[in-house]
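Student: Required output: the full structure, derived from the provided sequences and hints.
There are 4 protein chains.
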Amino acid sequence: MNQLLKFFSKEDYFARHCGIELLDAGPGWAKAQMPIQDFHLNGAKTVHGGAIFSLADFTFAVAANSSGRLALAINATTQFISSARQGVLYATAEELSAKRQLGNYQVKITDDQRNLIAMFQGTAFRKDEVLFDH
Amino acid sequence: MNQLLKFFSKEDYFARHCGIELLDAGPGWAKAQMPIQDFHLNGAKTVHGGAIFSLADFTFAVAANSSGRLALAINATTQFISSARQGVLYATAEELSAKRQLGNYQVKITDDQRNLIAMFQGTAFRKDEVLFDH
Amino acid sequence: MNQLLKFFSKEDYFARHCGIELLDAGPGWAKAQMPIQDFHLNGAKTVHGGAIFSLADFTFAVAANSSGRLALAINATTQFISSARQGVLYATAEELSAKRQLGNYQVKITDDQRNLIAMFQGTAFRKDEVLFDH
Amino acid sequence: MNQLLKFFSKEDYFARHCGIELLDAGPGWAKAQMPIQDFHLNGAKTVHGGAIFSLADFTFAVAANSSGRLALAINATTQFISSARQGVLYATAEELSAKRQLGNYQVKITDDQRNLIAMFQGTAFRKDEVLFDH
Numbered sequence: 000m001n002q003l004l005k006f007f008s009k010e011d012y013f014a015r016h017c018g019i020e021l022l023d024a025g026p027g028w029a030k031a032q033m034p035i036q037d038f039h040l041n042g043a044k045t046v047h048g049g050a051i052f053s054l055a056d057f058t059f060a061v062a063a064n065s066s067g068r069l070a071l072a073i074n075a076t077t078q079f080i081s082s083a084r085q086g087v088l089y090a091t092a093e094e095l096s097a098k099r100q101l102g103n104y105q106v107k108i109t110d111d112q113r114n115l116i117a118m119f120q121g122t123a124f125r126k127d128e129v130l131f132d133h
Numbered sequence: 000m001n002q003l004l005k006f007f008s009k010e011d012y013f014a015r016h017c018g019i020e021l022l023d024a025g026p027g028w029a030k031a032q033m034p035i036q037d038f039h040l041n042g043a044k045t046v047h048g049g050a051i052f053s054l055a056d057f058t059f060a061v062a063a064n065s066s067g068r069l070a071l072a073i074n075a076t077t078q079f080i081s082s083a084r085q086g087v088l089y090a091t092a093e094e095l096s097a098k099r100q101l102g103n104y105q106v107k108i109t110d111d112q113r114n115l116i117a118m119f120q121g122t123a124f125r126k127d128e129v130l131f132d133h
Numbered sequence: 000m001n002q003l004l005k006f007f008s009k010e011d012y013f014a015r016h017c018g019i020e021l022l023d024a025g026p027g028w029a030k031a032q033m034p035i036q037d038f039h040l041n042g043a044k045t046v047h048g049g050a051i052f053s054l055a056d057f058t059f060a061v062a063a064n065s066s067g068r069l070a071l072a073i074n075a076t077t078q079f080i081s082s083a084r085q086g087v088l089y090a091t092a093e094e095l096s097a098k099r100q101l102g103n104y105q106v107k108i109t110d111d112q113r114n115l116i117a118m119f120q121g122t123a124f125r126k127d128e129v130l131f132d133h
Numbered sequence: 000m001n002q003l004l005k006f007f008s009k010e011d012y013f014a015r016h017c018g019i020e021l022l023d024a025g026p027g028w029a030k031a032q033m034p035i036q037d038f039h040l041n042g043a044k045t046v047h048g049g050a051i052f053s054l055a056d057f058t059f060a061v062a063a064n065s066s067g068r069l070a071l072a073i074n075a076t077t078q079f080i081s082s083a084r085q086g087v088l089y090a091t092a093e094e095l096s097a098k099r100q101l102g103n104y105q106v107k108i109t110d111d112q113r114n115l116i117a118m119f120q121g122t123a124f125r126k127d128e129v130l131f132d133h
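Protein chains in written order, with numbering that gives the first Met the number 0: chain U, 0 to 133; chain Y, 0 to 133; chain V, 0 to 133; chain W, 0 to 133.
These are computed hints drawn from the structure, not numbers from a lab.
Check each hint, because a few of them may be wrong.
All copies of an identical chain are treated as equivalent in the list; a pair is satisfied when it fits inside any one copy or across any two copies.
Stated by the list, open to error - As a list, the in silico PhoX-like pairs of lysine-lysine whose alpha-carbon atoms are at most 20 Å apart:
{"no.": "1", "residue 1": "K5", "residue 2": "K30"}
{"no.": "2", "residue 1": "K9", "residue 2": "K98"}
{"no.": "3", "residue 1": "K44", "residue 2": "K126"}
{"no.": "4", "residue 1": "K9", "residue 2": "K30"}
{"no.": "5", "residue 1": "K44", "residue 2": "K9"}
Tutor: The structure is reproduced here in structure tokens:
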């Protein structure tokens, strides 16, 4: 899993641009965090849906690619439940199903008071290419 | 609409952080663009789903808030259709329905070759507060 | 909860038409089953997505209406994970969040071998009217 | 297209059970209707979300299978916009994208007053098997 962590921490430029940090990952799961900064805010001065989604989508991608085979997101749904303004957001991705080509994942986004901020469901399509060599 | 454009161009910090530019907007619709930069890329070196979503979500927010009453996203679904690597991404949001408290919107994301990159559907919940004064 | 069970078992004509049976319910949750019959099948002779959705949507509705205040589905997403051909399908709905007007729910659909058939996420909008008197 | 129409009208038992009628179809599109009957109603005496979804999902399936290769729904999202109580519901499915294995579709549900009742987005996964012989 070391290589997975290294790959996503270094090669995912957008996650870095958003201040997203990969905490841990294993077969079919991943955890990440995003300390809230001013650039995450929208016009209402709460964390932008795009920032919340990016945290969820990144964590989903790590979980979906944990086998090393390239998996692409084909579909994602987010329920935005509570607003967040400060502190740290956490994402936990888990695998609901994994077939040869399709995988389904769920990501829970919480704040540091354990409030549920958003729920994310994603479907990934696995290609034959490898994302990185083991 | 001038004030809507000014408000979202200035006050949405995350959109600015992502290099998203509001092009135009009117009652129930909006258009925006995002010139692809290196920081938009994921590990596979295509535009990150989070960046595509952020462009769509921003454009949806402008359309949903075009009346000046604060509208929050409660739900969003994205179908990721084609990868994008370079050039400019465009988003066009249109209103499917607008009731007193709920509104439904659709956003089409295309690249500068007119390829369909993603389709986004969002539901907004309107509050009684105003987002900005007219 | 007795009244909730009676109301939904009797008054939801479509659920009855689909052979859906409410098993149990409480504040924010519900369980139902659907013994697979020939009329549930699609052209590929597996259970129709519409039948699976109807089972999930019914169970979601019972959970969302468990307080007695009328709640309407405004959004639902389903990930279809495995096909089902025979036996009994089970649905379990749980509440992810409940605010004054909006509630988020998740429904898991399994078969009698405990295979995960589908995952459903729904958002409900609560009206001031009551669905039935306590 | 004749065979497609015949196949889905005859072999989709659940669509028949729901009173869904296929009107027309071609490469990547389909139209169907569902005259509202008492058995379509939910506890609030409006058309059940499951019945609306079934109409949309059926029309999506016809459009996605119009090439004759077996396509399965892997994901579907529905925005429920207005309630329906009587008359006829119409569904129109169109293809947003079609790749070797994945296709994206959108279905619009309207009533006979042209009110928008629901919007449906579905993703289909194409198998190598044929659904029926040409």
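Student: With reference to the structure, classify each hint as holding or not holding.
Tutor: Now the hints, each set against the structure:
For a Cα distance limit of 20 Å, the shortest separation of K5 from K30 inside one copy, 14 Å, qualifies, whereas the shortest one across copies, 37 Å, does not. Taking identical chains as interchangeable, the C-alpha atoms of K9 and K98 are never at most 20 Å apart, the minima being 28 Å within one chain and 31 Å between chains. For the homomeric pair K44 and K126, the shortest alpha-carbon distance between copies (15 Å) is at most 20 Å, but the shortest distance inside one copy (39 Å) is not. In this homomeric assembly, K9 and K30 come within 20 Å of each other (Cα to Cα) only inside a single copy, at 16 Å, whereas the closest approach across copies is 33 Å.
For a Cα distance limit of 20 Å, the shortest separation of K44 from K9 across copies, 12 Å, qualifies, whereas the shortest one inside one copy, 29 Å, does not.
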